[in-house]
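*Asks:* Model the full assembly from the supplied sequences, consistent with the hints where possible.
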Amino acid sequence: MSTSTASESRASKPAPTARRNWIGLEAGGGRLRYALRRGRQGAFSVGTMCLETPGETLDAHALRARARRAGLPTGPAVCTLASPAIDIFPLHLPPGAPAALASQVVAQAQAQISYPLAEAVLDYSLLPEGARRPVSGTVPVLVYAAPLASITNLLRRFEMIGLPVERLLTPAGVLAPRIDAASLEARHLLVATGEEATSVSVVQHGAVLLERILPWGITPLVDRLHTELNLPKDQCRALLGGDGPAEPGEAAADLALEGTLQEILGPAFSSLAGETAGCLGYCDSFLHHEPVASVVLCGPLEGYRFLREVLARELELPVRRALEALRLPGPARSPDAGVYATSICCALWEEEVDG
Amino acid sequence: MSPINLVPSPILAKREARRRLRRWIATLGLAVAVLAPAYGVLARLAAARQAEVRRLTGQCVLMQQRLQGAEGLIQERDRLALRRAAVGRMSAGEPAAEILAMLGRALTPDSYLTVLSMERCDPVDAEEIEGPAGPQEACQPVLRLRGRAAGNRQVGEILRRLGTEPVLREVTLVSATDPGAESGPPEIEFELLCVLAGGARPDAPAAP
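Residue numbers (the working numbering), protein chains in the order written: chain A, 1 to 355; chain B, 1 to 208.
Calculated directly from the structure, the hints in this document are not laboratory data. Glycine is no exception: its CB is placed at the ideal position from the N, C-alpha and C atoms. Treat the hints loosely; a few may be bogus.
What the hints assert, rightly or not - Examples of chain A residues lying across from chain B (beta carbon under 7 Å, computed):
| hint | residue |
| --- | --- |
| 1 | VAL141 |
| 2 | TYR144 |
| 3 | ALA146 |
| 4 | ILE151 |
| 5 | ASN153 |
| 6 | LEU169 |
| 7 | GLY173 |
*Replies:* In structure tokens, the structure reads:
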């Protein structure tokens, strides 16, 4: 069976190596965001590389050439993948030894995924005791299942450009431990926007209680703006912020398009808020109910004021940006740290493991 | 910290194996880099030692050969000394004429000799046959006398006369038999052995 449970993952964890650079990647769609940390206290450099445009298939040589042009570093990396193909669902299992839990996860996961278990990569995490219902008699676990073929293909393409991925997880997995210490014990909603998919999660105690990866991202929004405004896609991306300035709303105001943008994007933002509320509701249905302290927004759209306003209004929660809510070291706190928050947290993963 | 890792276990295992292999290769390379010069130095030292051992062995063989040569020389010297002693003994013996005169004195009127032989041992044999008093004692010239006499009395007289001769040290009657002649006077055939005192050389020149 091509499944990998948490216990197996820990068993096969590579031996720690003396490393000088740490690379964090954020994959999703055709774009790859990366963060490079030089030394433990060293400077961060971030960037984006367009892996492949839709309909384009590059061979290894072309891919390497493109990576070189983009200044992509090489070396072992920690990567997040935001893809709707990843199924994330909770299971309630009778308490038992880790090996028994793993076998039960494998046994029960088949009912939750739409493809054969043999073609899946499977892993799970125990939900923290503080979040469980007091009298339940079961152990809640959060199971992650992804199609083996797509994961293998992604990893192979990364290896082609000199980026062997040592750990692959979802955005919430790297962001949740980085919530600032003052509010780490509280429950938060984490919204990590991406190119083609957005991770919406409920986090508490530095752990992910529930995560959903929605097919909601910046690319469909750019397409919609392109259609509605008849502007080039690059310009549409610039309106949304993209990888540009942290306050893209200001650029939009300059163009006197704010109202139009809100009209076009409003329904999509409301849809995201609705999905986020749904995620929270589902989480409350199987875990101990607790009030949510805030919504943490990160990713390319984290600087877009209108999105923050929509989320705050519809979820009735304060919305904090990545730089306010995440513990990031000084060198990483650049103006665009929110856009690259996921890849920066990936680059900080080693520090998290050591801590 | 999330324990999740969606990298398939076989890929992780393969990478770990590759990493371990690289580590082994690096260790091996390091070991070779360290050991190769050490091996070179040791090999050079060993070669020097071997050459030294070969040289000493050659010297040892040469010395053994010299020693053996010296031993051979010593043996040859001893053998020559023995030969010289034997020759000296022989040259110091009684002259043949004196022996013949002595035999003429010893024989009675009715007796005569049929065989006179002298047995003397070779100096080489003398070296090999050593008596309780050395090689001289073991190898003395012996006169063997065979003859006939008119009777036992005559044989006894010959034996007595020979015993009084200072040239002879030991006179032994080996046999005295009657040949049983049908005609003529009765005769006794006798055989005597006489050891020459101090050795004798029949062909040696007479002493002055």
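*Asks:* Each hint should be assessed against the structure and marked as holding or not.
*Replies:* Checked hints:
1. VAL141: violated (11 Å)
2. TYR144: holds (5 Å)
3. ALA146: holds (5 Å)
4. ILE151: holds (6 Å)
5. ASN153: Cβ of ASN153(A) sits 12 Å from chain B, so the hint is violated.
6. LEU169: This interface hint holds because 5 Å falls under the 7 Å limit.
7. GLY173: holds (4 Å)
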